[in-house]
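Next come the chains, spelled out residue by residue.
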Amino acid sequence: MTAPGDAPKISVRGLHKAFGTNEVLRGIDLDLPAGQSLAVIGGSGTGKSVLIKSIIGLLEPDSGSILIDGEETLGLSPGERERVTRKFGMLFQGAALFDSLPVWENVAFGLIQSQGVRRRDAREAALEAMNMVGLDTDIADRSPAELSGGMQKRAGLARAIATKPEIMFFDEPTTGLDPIMGSVIDSLIVKSVRELGATALTITHDMASARRIADNVAMIYQGRIVWHGPVAEIDHSGNDMVDQFINGRSIGPIQLQVAV
Amino acid sequence: MRFLASIGRGTISTFATIGQIAVFAGIGLYHCVRPPFYPRLIVQQMIEIGYYSLPVVGLTAIFTGAVLALQSFNGFGFAGEATIANVVVWGITRELGPVLAGLMVAGRIGAAMAAEIGTMRVTEQIDALTTLSTNPYKYLVAPRLIAAIAMLPLLVLVADVIGVLGGFLVSVYDFGFNPTTYLKSTWDSLDGTGFVSGLVKAAVFGFLVALMGTYHGYHSKGGAQGVGQATTNAVVSASILLLLFNFIITAVFFAS
Ligand SMILES: Nc1ncnc2c1ncn2[C@@H]1O[C@H](COP(=O)(O)OP(=O)(O)OP(=O)(O)O)[C@@H](O)[C@H]1O
Ligand SMILES: [Mg+2]
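Going down the list, the sequences are from chains A and B.
Following my numbering, the numbering of the first sequence begins with 1 at its first residue and continues without gaps.
Following my numbering, the numbering of the second sequence begins with 261 at its first residue and continues without gaps.
Read the hints as simulated data drawn from the structure, not as lab findings.
Honestly, I wouldn't trust all of these hints.
Far from chain B, by Cβ distances over 12 Å, these chain A residues were calculated [unchecked claim]: (1) 14; (2) 109; (3) 159; (4) 225; (5) 254.
Beyond 12 Å from chain A on every Cβ pair, some chain B residues (computed) [to be verified]: (6) 287; (7) 298; (8) 312; (9) 383; (10) 507.
Selected chain A positions facing chain B (in silico; Cβ < 10 Å) [stated by the list, open to error]: (11) 56; (12) 57; (13) 58; (14) 89; (15) 98; (16) 99; (17) 100; (18) 102; (19) 117; (20) 156; (21) 160; (22) 163; (23) 216; (24) 221; (25) 222.
Heads up, the beta-carbon is just placed ideally off N, CA and C, and yes, glycines get one too.
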């Protein structure tokens, strides 16, 4: 028996999810120990976002099991689900900022709505978080629609970490950023994970970024995890699919359905 | 056989949709009465629904009241102040005030709600709400339901006054009626039940418009096209439901 403290922060078993006839997840098994940073890599459309959304509870898997801190989260009542959700912070692939609210209120949203922080204090905290992600505080009162894609991404990141969640999910945090800002965001992710002692799961296509932020890497292909190991071993994984992916070769075991 | 099967499928999916809407309405209403509330959002919606609909509702009402007076003057021949005032008051307070205000608000507010919430759905903003431990029903649906139920009766009250005014203007300036007599006839024709039935209708219509707007927005999918579809569906279904419930409420109030 393992004590609750030793249980992995996230433990996924036999996770299946299909949309109609499109079987996206076909038995995902994944463990993520507390305090670890995992990068999930894999081709476009392989179900990485679906995996994260299932873990968070935005999508209902068809079968399988998802344990958070050793507690089964599938089939929880809405109230219990909300208690688990409080442990999460999430950066969406498309940032998903609320366009009815100014930037600072987006960043402060979790503080105001779920932690009951007073608006004035929340604004201070939001400005601080914006500073951390390299956003000029001049834009605090602007609408998200007025920001560039990269700025939206950073605002989304600030919103995800502002509540200091135990478990953070980042869906392609550096996509759409220039390389310098990308590495700033990477070090920010590393820093917030270390400082807050958080557990992080990051989806990325960017191998340089994966090497910077991850302790471990998992590769997803055809609905399953085909390789899972320390980031240091990724160049000697002995797995042809991983080799092909990290070197970006078009010839290999991974076949893309593209008419050339 | 294929024909029967398609009728069967249609019936089943219709009932499934009705069931879904009923569940959605139930959850939405539940969150209207369970704290936490979002007073800031409720007030914002009240201003949007109540204040900014005043011009359209006012214009609709004044022309409708005027046209009612014109038509009854032509239709009944010269029937005198009493008849015309009576037709205008009854027509406006019982039927045309609530129905036309409801339809105008369905076009203005139902569409806006569906478009806004639909966009939030397809850009994952609703998912983001959930991850920030905020219930989308509480944050998006409940404030709109509350605001619409509260504001529609007020709008209809305004529409009643302006509609009667429209009839008054035509009667006095066009037909040359005595204003005092006309106003007195207006006052005498006003009946409590009819007036109250109009306000009850308004509250129900407000609920229906907000329900259709939020429901179709919440369940929209497939990008910009899906949002457009949701907007259309919200306006059409709200308008039809509104006319259906207008009939039902009238029947309940005046069946004797
Ligand atoms: N809500 C949904 N309804 C239907 N199909 C969906 C839905 N969400 C995702 N899918 C399908 O699931 C598959 C995986 O999608 P997902 O977004 O997880 O890909 P991804 O691995 O994140 O790709 P990318 O790297 O391009 O973001 C795709 O085929 C997609 O069409
Ligand atoms: Mg994705």
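Right, here's what the structure says about each hint:
1. 14: 24 Å, holds
2. 109: 5 Å, violated
3. 159: 8 Å, violated
4. 225: At about 23 Å from chain B, residue 225(A) clears the 12 Å cut-off, so the statement holds.
5. 254: 27 Å, holds
6. 287: 10 Å, violated
7. 298: 9 Å, violated
8. 312: 16 Å, holds
9. 383: The assertion about residue 383(B) is violated, with a minimum of 6 Å to chain A.
10. 507: Holds, because the least Cβ-Cβ distance between residue 507(B) and chain A comes to about 36 Å, which exceeds 12 Å.
11. 56: 6 Å, holds
12. 57: 8 Å, holds
13. 58: 5 Å, holds
14. 89: Result: holds, 7 Å to nearest chain B Cβ.
15. 98: OK, holds: residue 98(A) within 10 Å of chain B, min 6 Å.
16. 99: 7 Å, holds
17. 100: 7 Å, holds
18. 102: 14 Å, violated
19. 117: 13 Å, violated
20. 156: 8 Å, holds
21. 160: Cβ of residue 160(A) sits 8 Å from chain B, so the hint holds.
22. 163: Holds - the Cβ of residue 163(A) comes within 10 Å of chain B, reaching about 8 Å at its closest.
23. 216: Cβ of residue 216(A) sits 23 Å from chain B, so the hint is violated.
24. 221: Status violated, d = 25 Å.
25. 222: 25 Å, violated
Consistency note: the structure conflicts with the earlier hints numbered 2, 3, 6, 7, 9, 18, 19, 23, 24, 25.
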